[in-house]
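A.B. asks: Position chain B against the provided structure of chain A, taking the given hints into account.
Residue numbers (our numbering), protein chains in the order written: chain A, 42 to 155; chain B, -1 to 110.
Simulated from the structure, these hints should not be mistaken for lab results.
Backbone N, C-alpha and C define an ideal beta-carbon position, used for all residues, glycine too.
There may be inaccurate statements among the hints.
[Claimed, not checked] Mimicking DMTMM-like on lysine to aspartate or glutamate, the simulated pairs with C-alpha atoms at most 25 Å apart in a straight line are:
#, chain 1, residue 1, chain 2, residue 2
1, B, K24, A, E143
2, B, K54, A, E116
3, B, K67, A, E143
4, A, K54, A, E143
5, B, K68, A, E143
[Said to hold, decoys possible] Listing some non-contacts, in silico: residues in chain B with all C-beta distances to chain A over 10 Å:
#, residue
6, D5
7, N29
8, A80
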Amino acid sequence: ETGVTQSPTHLIKTRGQQVTLRCSSQSGHNTVSWYQQALGQGPQFIFQYYREEENGRGNFPPRFSGLQFPNYSSELNVNALELDDSALYLCASSPGTANTGELFFGEGSRLTVL
Amino acid sequence: SQQGEEDPQALSIQEGENATMNCSYKTSINNLQWYRQNSGRGLVHLILIRSNEREKHSGRLRVTLDTSKKSSSLLITASRAADTASYFCATGRQTGANNLFFGTGTRLTVIP
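Just chain A, with the same shape it has in the complex (with noise of 0.2 Å):
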């Protein structure tokens, strides 16, 4: 168990929908991380948040925003849906930026996109 938990675990939208998911990070961890993994694929990163900052970005769309509250809790927001965001979406917490050591992830939320 790694304290980070994600809600919900499995969901089905239609494309064009909007999707929310949720992540609280461990206690003490200032830093979430959101990561996209398709089937088969490794994890890919979509962006980080740090003391309720964003403070890094990969290679996704605007349609896809976050917000990091006080508590460091976090939100991924994906709109827009097309099928392709059909993925694991894993959460991330660490007491720091997230390239100097261990993350803690949640079991993460699965969509289907239809």
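C.D. replies: Quick look at chain B alone, frame taken from chain A:
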């Protein structure tokens, strides 16, 4: 895009044998990490090796790092059926990005 590539993509061994997985990457790093993922679930951190280290051990795990070749290997000794999972290497770059870059993974199957 992925930072690294694992090799092989899939590996099947008998229980008790050793499993070796390799990872190659492209840019200068400050650390390299290995993670394990059971089918469709979250990733679990296994071990971290810093760029100034060459070898590290943790239980049945042994990791090596060769920064001149931009490669790493993960050795799991005396494998067990419970080691069946996907294994990913991830790199933290020295400059330009403050996230981890994951490879494509090796799917390990340990046959009882």
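A.B. asks: Next, verify each hint and record whether it holds.
C.D. replies: Hints versus structure:
1. K24(B) with E143(A): holds, 20 Å
2. K54(B) with E116(A): violated, 36 Å
3. K67(B) with E143(A): Answer holds: K67(B) to E143(A) is near 23 Å, not above 25 Å.
4. K54(A) with E143(A): With a Cα-Cα distance of about 32 Å, the restraint between K54(A) and E143(A) is violated, given a limit of 25 Å.
5. K68(B) with E143(A): Satisfied, since the Cα-Cα distance of roughly 20 Å is no more than 25 Å.
6. D5: holds, 13 Å
7. N29: Non-interface label on N29(B) violated, nearest chain A Cβ at 7 Å vs cutoff 10 Å.
8. A80: holds, 17 Å
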